[in-house]
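These protein sequences, in sequence, are chains L and H.
The opening position of the first sequence corresponds to residue 333 in our numbering, with each subsequent residue numbered one higher.
The opening position of the second sequence corresponds to residue 229 in our numbering, with each subsequent residue numbered one higher.
Hints are computed from structural coordinates only; laboratory data are not their basis.
From a predicted model like this one, the values you see are computed outputs, not experimental measurements.
Please note: incorrect hints may appear among the correct ones.
Calculated pairs, DMTMM-like style, for lysine to aspartate or glutamate (alpha carbon to alpha carbon, straight line, at most 25 angstroms) [claimed, not checked]:
id: 1; chain 1: H; residue 1: Lys676; chain 2: L; residue 2: Asp392
id: 2; chain 1: H; residue 1: Lys555; chain 2: H; residue 2: Asp450
id: 3; chain 1: L; residue 1: Lys467; chain 2: H; residue 2: Glu573
id: 4; chain 1: H; residue 1: Lys693; chain 2: L; residue 2: Asp392
id: 5; chain 1: H; residue 1: Lys676; chain 2: L; residue 2: Asp593
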Amino acid sequence: MAEGIKDKVAIIGMGCTRFGERFDAGPQDLMVEAFVECMEDAGIEKKDIQAAWWGVHMPDISVGRGATVLGTTLKLPFIPITRVENYCATGSEALRGAVYAVASGAYDICLALGMEKLKDTGYGGLPLAGGMGYKSPLYSVNRTAPGEFAMMATKYFSQYNISPQDGKLMLAKVSAKSHKNGAINPKAHLRKEVTVEQIINAPIIAWPLGLFDCCGVSDGAAAAIVCRADMAKSFRPDPVYVKALQIAVSSGEEVLYTKWDGSHVEAAYRAGIAAYKEAGIKNPREEVSMAEVHDCFSITEAVTMEDLQFSPRGRVKEDIEAGRFNADGPQPIQIDGGLKCFGHPIGASGLRMMYEMYKQLQGKAGNRQLKNPKIGLTHNMGGFPSVNIVSVCIVGN
Amino acid sequence: MVGIVSYGAHIPRFRMDRNIMQLALLFLGLAPLRGEKAVANWDEDSITMAVAAAKDCLGGQESIHVDGLYFATTSPTYSLRQNAGIIAAALDIGSATRTMDFTDSAKAGTSALLSAADAIEAGSCNCCLVSASDCRVSKVGSSIDYIYGDGAAAFLVGKEDIIASLDGSFSTTHDFVDRRRLEGERLEHIWEERFIREEGYMKLIPEAVEGLIKKYALNIKDFSKVLYACSFPPVHSALAKILGLNPEQVQDPLLMTVGDTGAAHPLMMLVAALEEARPGDRIMVISFGQGCDAFYLTVTENISRIKDKKGVKRNLTNKAPLGSYEKYLAFRKLMPVEVGIRGEEMIFTSFSIVSRDNRELYGMVGSRCIKCGTPCWPAQRICPNPDCGAIDKMEPYRFANKTGRIFTYTSDFLAPSIDPPASYGFIDFEGGGRAGLDFTDCDANSLKVGMPVELSFRIKYSDEKRAAVNYGWKAVPIVS
């Protein structure tokens, strides 16, 4: 009988670079920066790492494929390294590999490192990954990530009878909150508060989403050291334990079958249910102290609140208006600024989310520190609302 | 008896007021004519317009087995890879079809029609689709830049249920050098207009008309409509007098509303004439291009059967102004345009995929589950219905003729486009199935969830490095 992952693995060290337009740093610089902080935090030596998982989503624009770049950059001594890639959930996939390897009993200590170097493309927004390979130009629409998520906003507004004006106002409040949080985070990419008016009046990127509805496109890396839960306290007094680590992937029925309503992410809902079951959480709205969710766009965060059952279906607007997810609200979301302001170097993002949950649970989040959080959740989504991969990870003391 | 079974036409939605051209081009001199011309959208070319006219022509008669497809144009997209073959793929008419491109002369459209009639007469073809289309580019500010417009006309030629019998023809050839373009050139050269008028139109069209009348012992007065190709309005009027036509016999040459559409021009006029025709009417058609084709038809009782065609009439009223000459230059790639570094990203075209997936990509043929009836595009091996999941129980299912409704949409300013924003969305099809598609011929601000759409075959992208223009079906809001 499968037991799940709860309390079998602990995180004992993490590192995260400053995210941003790191024209100063190459991909290897970012990897080393995250690794050095992570190792110092864990207080272990390189020889203690028995295996590593390496996440990069678009290696063809930075370091190439395979796992060799992690070994040769960090000078890891001929240990097993696996490169993983799962769209924007790549960072969480790397962590999942390391955590499951330890839980299997094969290793005591493993490394997960995710990195993305996006700002060498010469243009804004993400390069399109060509989801269908050589078939992409033949079959795909001339689309971008903002457009794909904008369609969820269009549908959400239509389904719940929200006028475009009210809808944009709702989304603006999501972004304004994250900008406020990100402004005080020294590692964040976008460190400026913006008003709801500025957000609403910003240029449209893909209707109805404007500039401030979109997250930063950033360079960065993040890393974690995980070990057997029973040995974690020998490294530090405040390890963080993995309570659940779930991932759900689209079956294709969202687009190919016509039952999907277009205003939620089915895999997020399913991954949430699986993770709550694994962690033993009965009431996510009450029990999850804080979360870092995949707010690639304001609408994604709004809908995710419903998919993760923090808000009732179709009613996140009320919670947003009540300030529920603000830093001083009952369930703070994106306390580090989120993808919106901390930034989104794809392969690193899942680990960056975990970095904040880890620091918050240890009480080491500085001027962002929440009061006594118990359970943290990361929600890391890859793909588009119509076809995607969603990882939900729950951690606690 | 051989004749026309059905007709269809396409006029691109954009029209440019020639005064707008005049404003941009005044430094070069005065416009040779006023009115407006039809301008193909950036994702249209001679192939896509021919498909649109053919779709209009075949509408409601998809069950007819077409075993010939002749395409006529002077602006072929490919000079190696048969353009008619791409049109046949888009129409999904099957492989047992004779296809041919007629080109190099503005009389190519009428020559294709006459050849189709001959093939049917000879018994080598049963039902032949002829589609003529032109999307020509010319030097900025030239007289033909003003005169030429874009458009297409299509006819189904056969023996049964004909709406007009094709009763006789007379063709001439003259190496009369008015316009020319060498292999590899994009822009046309044109000789002096006075020469074209005096030695071309004024002599060659009367010669063809006289030839036809003499051959079949006809009288010009017997014709309810006479339509003849001509680029210049004053010459067109002068010809009516020379031919001895009453004003009501003269078919409007569409020069002030569409422009001279080359190989499609006489056939578009024929569509317009048939739209107004009554049983028993006689129509004479004369094309012009290094000689002439002249032929005449007699309209039958079946003409009343033709309904719900866009034809020329409805296409003329479905229009949107193209308010900028510069935009026209960008559409036709006559001016380099910044589409951003994102837009410079390399596209790779794999022709083995284009060939393998041809019916799916060009014919928009997906699959339908025999067990539960779920239609899908692209085609699936395993049914996506979670309560079904049948494996390899699929039949081909074509979406190209289906209408649908917008499930959701966006208008995207980040996606590289010559005409931003790029609008796209998901369509829920009548009869089932959902697909993500580009939108075209639409005003971004008018889009709504639930809006009805139809599909149109369009250019998806060009990959000059690999000599590829690729096509696919896009959604177009239905204009009531």
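What's the verdict on Lys555 of chain H and Asp450 of chain H, does the C-alpha distance respect the 25 angstroms limit or exceed it? Since the Cα atoms of Lys555 of chain H and Asp450 of chain H sit roughly 46 angstroms apart, the hinted pair is violated (cutoff 25 angstroms).
Given hint Glu573 of chain H paired with Lys467 of chain L - CA-CA distance at most 25 angstroms: holds, 16 angstroms
Against the 25 angstroms threshold, does the CA-CA distance of Lys676 of chain H and Asp593 of chain L hold or violate the hint? Judged against 25 angstroms, a Cα distance of about 16 angstroms means the pair holds.
Verify the proposed pairing of Lys676 of chain H with Asp392 of chain L, using a straight-line Cα cut of 25 angstroms. At roughly 39 angstroms apart (the allowed maximum being 25 angstroms), Asp392 of chain L and Lys676 of chain H break the hint.
Holds or violated: Lys693 of chain H to Asp392 of chain L, with C-alpha atoms at most 25 angstroms apart: The hint holds at about 21 angstroms.
The structure is inconsistent with the numbered hints 1, 2, although it conforms to all the rest.
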